[in-house]
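Asks: The primary structure of each chain is shown beneath.
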Amino acid sequence: MGKDNILQVKDLHVTFSTYGGTVKAVRGVHLHLKKRETLAIVGESGCGKSVTSNAIMRLIPNPPGKITKGQILFKGTDLTKVSEKKMRSIRGVDISMIFQDPMTALNPTLTIGTQLTEGLRQHHKNISRQNAKEKALEMMEIVEIPNAMERFKQYPHQFSGGMRQRIVIAMALICEPELLIADEPTTALDVTIQAQILELFERIQEKTGISIILITHDLGVVAKIADRIAVMYAGKIVETGTKRDIFYHPQHPYTKGLLHSVPRLDLEGETLEPIEGTPPDLFSPPKGCPFTARCPYAMEVCNKVFPVHTKLTKSHEVNCWLQDERAKQTLAEVAK
Amino acid sequence: MLRYILKRLLIMVITLWIIVTLTFVLMVTIPGSPFNSEQSSNETVQANLERHYNLDKPYHIQYLLYIKSILTFDFGPSISQPNQGVNDLLGRGFPISFELGIVTIIVAVISGIILGILAALRHNRIMDYLAMGVAVLGISIPNFILATLLIQKLAVDREWFPVATWQGPEYMVLPIIALATGPMAIIARLTRSTMLDVLTQDYIKMARAKGLSPWKIIFKHALRNALMPVITIMGTLLAGILTGTFVIEKIFAIPGMGKYFVESINHRDYPVIMGTTVFYSAFLIIMLFLVDIAYGILDPRIKLHGKDGD
Ligand SMILES: Nc1ncnc2c1ncn2[C@@H]1O[C@H](COP(=O)(O)OP(=O)(O)O)[C@@H](O)[C@H]1O
Ligand SMILES: [Mg+2]
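So the protein lines, in turn, are chains R and F. Everything in the first sequence is counted per the working numbering, starting at 1 for the first residue and increasing by one. Everything in the second sequence is counted per the working numbering, starting at 1 for the first residue and increasing by one.
Take these hints with a grain of salt, some might be off.
[Claimed, not checked] Listed next, with one range per pair, are the computed distances between beta-carbon atoms:
#1 R/GLU84 x F/ALA282: 34 to 42 angstroms
#2 F/TYR129 x R/GLU84: 21 to 29 angstroms
#3 R/GLN154 x F/VAL136: 39 to 47 angstroms
By construction, these hints were calculated from the structure, which means they are not laboratory data. Since this is a predicted model, take the numbers as computed values, not measurements. Idealized CB from N, CA, C, for every residue including glycine.
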């Protein structure tokens, strides 16, 4: 923690007002990220990963969504407080984002070239058309698109899914941002293309020193490239640690459940078991640990009080009563 | 592309031929003739007239003569006004009708799109309800009722605009409002719904994530896609406006083609009926063709091929 964090999210709360009531999609998320670091946010779908990343970009549609509490410190500036105009000068320039489905992330009616260069032209008003094009061609080379010259003039429908995701990555990186948020960037791609895209991320990070937040519901994806992992459940981060901590010493029953539901090469013969049950309803999330109803080790206290933050090692933190000796005492206090 | 255009041209010619044939069949089957009004009750005069206009010939000869007149684009003289050629009537009426139609389309498209965008951007707020209220009224009030209302309120009661005829810009206001309101309302509703859909698309989110200005996002990214369906219905709207001009020209006593068209049917003025029908159909068919070409230019995914499944 401290000064060397490029991003620090503190106690972030995001809600959506709908006709059915208020959805508490993100309920107190803490995150931090250093330069050159890759943080993976992992969790089942619907747990608030996309909402968290959209909140960092301030792209929550309002109405119905709203950041109700918390801070998003990007290099010391609280993004929840800056004007929309200032935010526009940050998007694409300091922080970029790429989305899940490369088939829909590109505008079908504009050429790849137009879409690649428009960010540059927006943020560097006096860049010439020729320079913008050169920069775009250079980016296309970095993301390994063959025949860049020719491809520059083509439309999205002339590209395959993997190629489109490369274009989207080039588009996100063209203004040389310091932070890239990738929301399930490989979920829509086949396995071989997935691996290629992840390798591309690694190479780009090596070259540029960019920090990456990689969002995924698939622990298998993060095994390769993440430095640290944050496990998210029902709008909260329930465990964070280095890749080693999470894969070899998972502490939260939910993390363990996630690990059991991904195929692993090192645990051959083990059967895959999905976690039983479904996540809680975020209109009225439970007072205690949201995982209680699905947790095989649930105790009395879990139902009543959300687990305190337990620091297991310098890098490994968890919110689970199983890991904290204060459980008994807390239960006694609640009972009074 | 060239192949596509050639194929379309062939289809256009066939369509036109079918229309001409149907018109001919309708003309000879509806009862009445140009000469059975009382002024020419004399039998020999009538026979002479019929011979003069080839109406005594068997139907297949008459049909061939019509086809010939279309191919040479010479429809001969009008029957009810023998000193006027059909071509003269068309030459006089068309520019006026064209002006009325074109200005109506421009007004309808621009105001409809603006209204639709405003409604979409202010979704579920007052501006949205207001714009859609106007649109529902515009769709439900027929143009001839709107025309009479406008004349009564703005030309008779208030005298802000002239009541009728076609002599300058101020004469155009009421007929164009009457004719443009319906299509404008349809365009507004369509633009709003497609715009709302497009604004939730990932590429709009991506554009926002790039830090583009709202202006660029709406006009460069959203509108282009939102207008595709509008272009698709342009053909239908054009046909609607075209038939609308008949009624509006009649109400406002505008000396356009619609006037001659309606009169020619009443008088069974066969050459004028044929001339105006061919002209209207050809015009509409060409416009529909241009709409398709525009569609292909705006949406790169649509390839205009001569062969299907290319
Ligand atoms: N625009 C919205 N309106 C209402 N609820 C929303 C909206 N966007 C997201 N949510 C809710 O927020 C929760 C978290 O969603 P999300 O962050 O997309 O999950 P994921 O982890 O799969 O990315 C979900 O329960 C979803 O229903
Ligand atoms: Mg998501």
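Asks: Which constraints among the numbered hints does this structure fail? Numbers only, ascending.
Replies: Structure breaks hint 1 only.
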